[in-house]
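Taken in sequence, the protein lines are chains A and B. Going left to right, the first sequence walks through residues 1 to 296 as the working numbering numbers them. Going left to right, the second sequence walks through residues 1 to 194 as the working numbering numbers them.
Read the hints as simulated data drawn from the structure, not as lab findings. Take the hints with a grain of salt, since some may be wrong.
[What the hints assert, rightly or not] If we take Cβ atoms under 7 Å as the criterion, some of the chain A residues that face chain B in the derived model are:
hint: 1; residue: V6
hint: 2; residue: S97
hint: 3; residue: D101
[As the list claims (entries may be wrong)] The calculated lysine to any residue pairs, modelled on SDA-like cross-linking and capped at a C-alpha distance of 25 Å, are:
hint: 4; chain 1: A; residue 1: K10; chain 2: B; residue 2: T154
hint: 5; chain 1: A; residue 1: K10; chain 2: B; residue 2: K2
hint: 6; chain 1: A; residue 1: K34; chain 2: B; residue 2: L93
hint: 7; chain 1: A; residue 1: K34; chain 2: B; residue 2: D57
hint: 8; chain 1: B; residue 1: K21; chain 2: A; residue 2: D113
hint: 9; chain 1: A; residue 1: K71; chain 2: B; residue 2: R88
hint: 10; chain 1: B; residue 1: K21; chain 2: A; residue 2: R206
hint: 11; chain 1: A; residue 1: K189; chain 2: A; residue 2: S270
hint: 12; chain 1: B; residue 1: K85; chain 2: B; residue 2: Q165
hint: 13; chain 1: A; residue 1: K10; chain 2: B; residue 2: V110
hint: 14; chain 1: A; residue 1: K34; chain 2: B; residue 2: P131
hint: 15; chain 1: A; residue 1: K34; chain 2: B; residue 2: Q56
hint: 16; chain 1: B; residue 1: K21; chain 2: B; residue 2: P131
hint: 17; chain 1: B; residue 1: K85; chain 2: B; residue 2: F61
hint: 18; chain 1: A; residue 1: K199; chain 2: B; residue 2: K2
hint: 19; chain 1: A; residue 1: K115; chain 2: A; residue 2: G59
hint: 20; chain 1: A; residue 1: K124; chain 2: A; residue 2: F89
hint: 21; chain 1: A; residue 1: K199; chain 2: A; residue 2: A221
hint: 22; chain 1: B; residue 1: K2; chain 2: B; residue 2: P131
hint: 23; chain 1: A; residue 1: K124; chain 2: A; residue 2: S283
These numbers were taken from a predicted model, which means no experiment stands behind them. In this text, a Cβ means the ideal position worked out from N, Cα and C, and glycines have one as well.
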Amino acid sequence: MTEQQVATEKVKRGLAQMLKGGVIMDVVTPEQAKIAEDAGAVAVMALERVPADIRAQGGVARMSDPELILKIMDAVSIPVMAKCRIGHFVEAQILESLGVDYIDESEVLTPADEKYHINKHEFKVPFVCGCRNLGEALRRIGEGAAMIRTKGEAGTGDVVEAVRHARSVLGEIRRLQNMPEEELMTYAKEIGAPYALVKEVRDLGRLPVVNFAAGGIATPADAALMMQLGVDGVFVGSGIFKSGNPARRAAAIVKAVTHYNDPAILAEVSRNLGEPMVGINVSTMPETERIAGRGW
Amino acid sequence: MKIGVLALQGDFAEHITMLRKLGVSAAEVRLPEHLDGLDGLIIPGGESTTIGKLAQDFGLFEPLRRFGRNRAIWGTCAGAIFLSKDARRPQPLLELMDITVERNAFGRQVDSFEVDLSVPALQAVDPENRPYHAVFIRAPLIESVSGDAVVLATLDDGRIVAAQQGRLLATAFHPELTDDDRFHRYFVHMAANS
């Protein structure tokens, strides 16, 4: 009998590679999950509340009810992701036992640990984590994340933070590529990243895992902007189901991610989408209400 | 020799990297006109529902079917589903290959696996019959082959994971995620002879 190896780094990172060029959509009901799948989503994120509502309602945001996650898993054939709180490894154990395809250790929920993230190597299920810069990305990969998303300011519909953090990560990688070997250790120390991963990124010219953009993406143009900046795909949270015509907007964003370099197609898919989500201007938002800064 | 890779969604970049390492010219295909002048086409891994929907929305169905009637096409994972006649559920398929597939046949992501396969057909590109290390990610199975389609590889229990029908090739696993280029060489050879 030839032995099958499960939960290897290759298959954990590999699923994210299959999601590239795609859109992962936040959904709060099985019906929304169906709408997302029919619109061409590559995966859905099963949640009780989208980030815009978490923001509006306040309180402690936790892992969703397993019953809801299971119903969403039953409703669609595409991968289903779910969020646990930063550092809450028991929520992660519960999500793994449900059979979700990816866990997002997410700053959108209220952190359970203000110093340590989950040791993701211990799990069979792969993890995606957020980052604002290269150091944060490599710390998460060092802990076992098999996919990275650059953080935006979730639930605002304002793409500015997603742009800032994608430029930060991708720009740091470009600078690293031009760095002589003897500077790498000090650079690793300065950004708080494992040396071996710093060296690997310099040699590859990219992160060793897939990198999506997330947070504040509300239009096909926003999605294409992130793709042109160099990410591998996008998460859309509140932007779809807080808009006037979710099915139409979802399908348009899917097309925009495929044809991100074709302005004529982007113009066509952007027509008559109805009202986008209203949004919150991040620059006028008090620092205490921002969530992208959560993560250590 | 120029091979296209359907670039609607999925891991098309990995296929392009493999082809270029072999010295084969490779191009991304997103619209029907991108098929012009190609000797073969790879449909990559990804989500088959997404790829099918985008192929419909951008008028690729008939052009892809015409292309498959006289040139080589290889589907990996989602691409194999897309090439099949029947995926046991309603979704847009090219219906070019006489194979029936079962999506997510091994379960969910925690059941994804790597395994060594015996693939005698690869002796066409490498006489040494080494095991082929295959990566299965939320993979489909080829439930059955009919017509002219033949089985190229099975798991130990006999379940089919690779098949060929003339110029059409389907693998349930992902050669583009490995450093082993034998399947890519095998396909380039198929494209040259079709």
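Right, here's what the structure says about each hint:
Below 7 Å, beta-carbon pairs count as interface contacts, and V6 (chain A) has one with chain B at about 5 Å; its hint therefore holds. Of the supplied interface hints, the one on S97 (chain A) is violated, with its beta-carbon coming no nearer than about 10 Å to a beta-carbon of chain B, more than 7 Å. With 7 Å as the threshold, the beta carbon of D101 (chain A) comes within range of chain B, its nearest partner Cβ sitting at about 4 Å, so the hint holds. The hinted pair formed by K10 (chain A) and T154 (chain B) meets the criterion: a straight-line CA distance of about 21 Å does not exceed 25 Å.
Taken as a hint, the K10 (chain A) and K2 (chain B) pair is broken in the structure, with Cα atoms around 29 Å apart against an allowance of 25 Å. Taking the CA atoms of K34 (chain A) and L93 (chain B), the gap is near 19 Å; set against the 25 Å cutoff, the hint holds. With a CA separation close to 18 Å, the supplied pair K34 (chain A) and D57 (chain B) stays within the 25 Å bound. Under the criterion of a C-alpha separation no larger than 25 Å, the hint pairing K21 (chain B) with D113 (chain A) is inconsistent with the structure, at around 45 Å.
With a CA separation close to 21 Å, the supplied pair K71 (chain A) and R88 (chain B) stays within the 25 Å bound. Annotation: proposed proximity of K21 (chain B) to R206 (chain A) holds, straight-line Cα distance about 18 Å (limit 25 Å). Between K189 (chain A) and S270 (chain A) the CA atoms are separated by roughly 45 Å; this puts the pair beyond 25 Å, and the hint is violated. Of the pairs offered as hints, the one joining K85 (chain B) and Q165 (chain B) holds, with about 12 Å between alpha carbons and a cut-off of 25 Å not exceeded.
Using a Cα cut-off of 25 Å, the hinted pair K10 (chain A) and V110 (chain B) holds, with the two alpha carbons roughly 12 Å apart. Restraint check for K34 (chain A) and P131 (chain B): the C-alpha separation of about 41 Å exceeds 25 Å, so the hint is violated. Proximity of K34 (chain A) to Q56 (chain B) is assessed by CA-CA distance (about 18 Å); at most 25 Å being required, the pair is judged to hold. For the hint linking K21 (chain B) to P131 (chain B), the alpha-carbon distance of about 22 Å falls within 25 Å, and the restraint holds.
Note on K85 (chain B) and F61 (chain B): the hinted pairing holds, with a Cα-Cα distance of about 14 Å set against a maximum of 25 Å. Proximity of K199 (chain A) to K2 (chain B) is assessed by CA-CA distance (about 34 Å); at most 25 Å being required, the pair is judged violated. With a C-alpha separation of about 21 Å, the suggested pairing of K115 (chain A) with G59 (chain A) holds against the 25 Å cut-off. Under the criterion of a C-alpha separation no larger than 25 Å, the hint pairing K124 (chain A) with F89 (chain A) is consistent with the structure, at around 13 Å.
Note on K199 (chain A) and A221 (chain A): the hinted pairing is violated, with a Cα-Cα distance of about 34 Å set against a maximum of 25 Å. This hinted pair does not check out: K2 (chain B) and P131 (chain B) have alpha carbons roughly 28 Å apart, beyond 25 Å. Distance hint between K124 (chain A) and S283 (chain A) is unfulfilled; the C-alpha atoms sit about 40 Å from each other, more than 25 Å.
When held up to the earlier numbered hints, the structure conflicts with 2, 5, 8, 11, 14, 18, 21, 22, 23 and fits the remainder.
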